[in-house]
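As you go down the protein sequences, you meet chains A and B in turn.
Using this note's numbering, the first residue of the first sequence is number 1, and each one after it goes up by one.
Using this note's numbering, the first residue of the second sequence is number 1, and each one after it goes up by one.
Note that these hints are calculated values from the structure, not bench results.
It is possible that some hints are incorrect.
Said to hold, decoys possible - The calculated lysine-lysine pairs, modelled on DSS-like cross-linking and capped at a C-alpha distance of 30 Å, are:
1) A:LYS64 - B:LYS50
2) B:LYS26 - A:LYS39
3) A:LYS4 - A:LYS39
4) B:LYS51 - A:LYS20
Treat the numbers as computed from the prediction; the structure is a model and nothing was measured.
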Amino acid sequence: MENKKPPDLADAFLEWYCSKEFIDEVQGDLHEWFHHRAKKQGYRKARLMYFLDVIRFLRSYRVKSIDELSQHSNHIAMLRNYLTTSWRSLIKNKAFSIINILGLAVGMSSFLLISLYVTHERSYDQFHENGENVYRLKLSRYNDGILSTEWAAGCSAIGSALNDNFPEVLDYVRMTPSNAVVSYRDKAFREENACYASESFFEHFTIPLIEGVDSSVLVKPYTAVISETTAKKYFGDEPAVGKTLRHNGTRDFEITGVFKDVPTNSHFNMDMLFSFETFVDIVGDDVYTAWDWDGFYNYIVLADGTDPKTFESKIPDFIQKERGEQLTEQNHMIEFELQPVTDIHLTSDYMMEFKPNGDGEATNFLFIISIFIIAIAWVNYINLATAKSMERSREVGIRKVMGSMRSQLIRQFLVESSLLNILALTLSIAVVFLMLPYFNQLSGRELAVDFTSLKFWLTLGVLLLTGAMFSGLYPAFVLSGFKPVAILKGKFINSSKGNYLRKGLVVFQFLASLVLMVGTLTVFQQLRYMRNQDLGVKIDQTLVIQGPNVTDSSYDDRLNTFKQTLTSFAEIQSITASTAVPGTQPPWNAGGIRLLEQGQTEAQQYRVVGADHDFVDAYDLDLLAGRKFDKERVNDQSTVLMNESATELMGFESIDEALNRDIFFWGDTFSIVGVLKDYHQESLKKTFEPLIFRLIPNASNFYSVSISTNDIPYLIEKIEDEWKAEFPGNPFDFFFLDDHYDQQYKSEIQFGKVFGLFAGLAIFIACLGLFGLASYMTDQRTKEIGVRKILGASLASVLSLLSKDFVRLILVSILFAIPVSWFVMDDWLSGFANQINLSWWIFVAPSILILVIALGTVAFQTIRAGISNPVDSLRHE
Amino acid sequence: MGEFEELVLLTVAVLNGEAYGISIAKVIEEEAERAVTISTIHNVLYRLEKKGFVRSRLGGATAERGGRNKRIFSITTTGHAALTQSNKLRNRLWNLMPELKF
């Protein structure tokens with residue numbers, strides 16, 4: 001229906017600004033004109049023009065005067081007065097205001113940055129439209145009742161089996177990675193983020209297809225869907241659909257669709273998807289029902305309203321029914337857990353994740369830190385405001401005598417704290433903008449401020465409101481509670497209650513700062529410890545080349561030529577081919593391995609490394625017993641090496657016992673010929689894992705080249721030339737092993753840096769507060785100091801007199817901080833297999849540092865008071 | 001007195017006790033065939049009132065006006081004199097105009 005009235009909004013505006021003197025004629029005329037115009041031009045136009053007219057009437061003589069504006073409500077007049085007095089008090093105490101605003105701004109910026117980060121971390125996979133019903137099946141395998149592996153990508157059969165047997169499972173998606181060299185004409189790239197995926201992938205995950213149809217792109221074998229960026233990479237601006245990509249130089253895939261790049265806030269990391277039917281065509285359809293074949297991501301889609309916990313509890317019975325017999329036979333147990341797809345990023349860290357996931361605990365921890373920091377800033381305000389209450393007391397007294405009510409005084413001081421908070425918030429928004437690029441570098445995320453998002457403004461609003469309330473309320477109550485008679489008589493006693501509170505807050509500030517400092521120190525100590533340990537394996541001066549994917553029957557010869565040429569270079573000591581290199585978990589995880597004479601129930605899981613003859617020497621591994629792989633022996637391919645942990649898992653009492661024993665490995669028999677000392681295949685966060693080394697002379701995953709040269713770029717160029725000659729069609733990709741190994745500590749390094757940054761900020765804010773407090777205190781005691789000096793007090797005694805109180809407070813916070821930080825950091829360290837001891841100095845050093853910083857802050861004020869001429873201070877007043 | 005001021009003052013005189021913002025606007029719109037904005041007319045009326053050419057009183061609220069009063073303007077003797085004078089001036093000048101042929 002058409003609205004036949006002038007717009008309310010415009011009327012309200014008119015009534016708000018227009019003075020009483022004019023409102024009758026103006027509004028009356030405007031209404032009449034509105035109807036007149038509506039008859040001629042219609043209501044729509046008339047309503048629009050009405051707005052314009054209202055604005056046209058905005059002339060200074062028609063606008064209400066401030067007095068008239070406040071005539072209707074005393075509040076506005078009072079607000080004006082509050083603002084004036086607040087502003088005056090801000091200007092009057094410039095140092096205090098700057099301390100407060102600076103502290104608050106730093107606190108708010110930290111809080112805003114961290115909440116941006118936390119919001120981002122929590123936003124992962126929220127974009128899937130049916131996300132709340134999609135779950136990934138995590139697989140845990142137990143041998144002998146002991147947990148052996150936890151897979152993000154479990155066995156192949158489970159998804160479809162659940163789909164077939166439970167009506168509440170509507171559909172499933174099965175995926176398995178396929179890292180390959182993919183080529184189009186002369187362009188070849190190593191695709192690290194490629195997967196085989198079953199046909200309904202695009203129906204359940206909201207990754208929009210730019211070309212192709214959701215339900216049909218991945219149906220046929222040898223079809224592929226690629227991301228927008230990947231399409232650009234291979235085909236430039238030409239259409240991708242219909243073109244053919246070659247996979248590892250052998251298989252051709254037809255492109256049936258192009259999908260929008262997967263957002264960064266997704267646990268998926270994929271540039272290319274091949275149809276799962278292709279995989280079946282390659283390996284045979286046993287894969288559909290393989291229960292012992294791991295490495296498959298299984299996603300299931302539950303019907304609306306299905307309780308995941310209830311459903312999860314039905315799985316063990318189903319497994320028992322389906323697989324019970326075989327599992328008991330092997331003394332094996334499998335367990336499935338439903339991971340909501342939206343929770344994967346923050347909770348999942350198992351074998352074969354798409355990409356390193358976030359750490360939910362660290363994220364929450366960071367959030368708590370940010371609240372601490374802003375709380376410290378608020379505390380500054382409370383402290384300074386109450387400390388200065390004496391100066392304001394006269395104002396309060398006069399106001400009360402003039403008839404001010406307590407509620408009005410409270411309002412006055414709340415306005416003052418709001419004003420300060422608004423100034424700080426404005427400053428902090430600017431700071432966030434400036435700091436965001438650095439923070440992104442630190443956090444390894446791409447965060448941005450979204451000004452259009454309601455949530456952002458809401459956060460700001462909440463921050464402002466809580467800040468103004470939290471920091472303003474207590475001083476407001478204290479100040480407004482003064483008895484006017486007492487104040488005006490000049491009797492003013494600083495209440496002991498307020499004193500305790502103030503001291504308690506200072507203790508809290510320094511406690512929080514100290515805990516953060518101890519935390520930072522512990523994180524970096526632990527990192528240093530881990531990086532300086534003898535790994536038992538040589539990782540420096542080692543260049544690792546990613547092996548070729550595109551090969552043919554001549555591969556063995558080519559590999560040999562390549563190795564021989566490279567070892568002939570003076571700068572190269574050795575080259576070894578292997579299926580795994582230190583710094584990552586060996587991807588080959590084999591179950592069912594046992595001593596030949598043992599029963600099936602005693603079989604265990606081991607990580608397997610396939611390597612050539614040179615592996616042990618090239619990596620400088622210690623041989624504890626037996627021998628290495630021997631080139632002279634022809635049938636050495638049926639021998640294995642083991643590390644100590646593997647011999648233990650196999651049940652040998654001593655390493656010598658293991659020599660020359662036969663083991664059963666996937667249907668074949670291997671003889672143990674040597675035992676290697678445990679070395680850190682992975683970061684020191686983890687314990688030693690049982691490793692079995694098999695002789696695979698033509699392993700094609702990694703070639704590790706041990707080098708010694710000052711001209712690395714030149715050497716790399718030389719190697720690349722050889723590479724191109726031997727393995728044409730394969731991209732030359734390499735990395736340095738020490739960098740690769742260090743990648744494992746990335747999250748710890750990040751954590752340490754973030755920790756350190758915010759610890760620094762917390763100390764800064766706390767010291768600002770201390771500075772303000774100290775300057776106030778010394779001001780208060782100017783006269784006392786003057787008298788003392790006249791009576792013969794030395795500078796030193798004045799200093800100690802003034803610092804005594806602060807030192808006591810810091811000592812108390814140290815006393816509290818030590819157990820708190822010990823408790824927190826001990827818990828953090830327990831996540832590491834190889835951890836440092838929390839030695840005394842980790843607590844003492846930050847304590848001394850904070851004492852020095854605090855004393856320095858105070859000293860600035862006290863020395864000034866101490867060296868002042870007593871005559872000046874006594875003349876004061 | 002500006003041209004538009006004169007026009008408004010003339011209209012006030014014509015409307016004889018019925019002159020207020022809207023009625024004036026309507027007359028000018030119809031007779032002079034020019035688009036007017038209410039705010040301009042108001043501004044001119046206040047200016048005229050300040051010069052003492054018109055006087056005003058409140059009254060005559062209607063439902064269409066949302067119950068708001070009109071400010072009704074009527075011409076003063078000074079206003080009338082000013083109009084007459086400007087009219088006389090014009091007539092004089094007209095009479096002085098030679099017979100031009102176009």
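Taking the hints in turn, this is what the structure says about them:
1. A:LYS64 - B:LYS50: Holds, at about 20 Å.
2. B:LYS26 - A:LYS39: 13 Å, holds
3. A:LYS4 - A:LYS39: 11 Å, holds
4. B:LYS51 - A:LYS20: Distance of about 23 Å is within 30 Å: holds.
The structure fails none of the hints (numbered hints given earlier).
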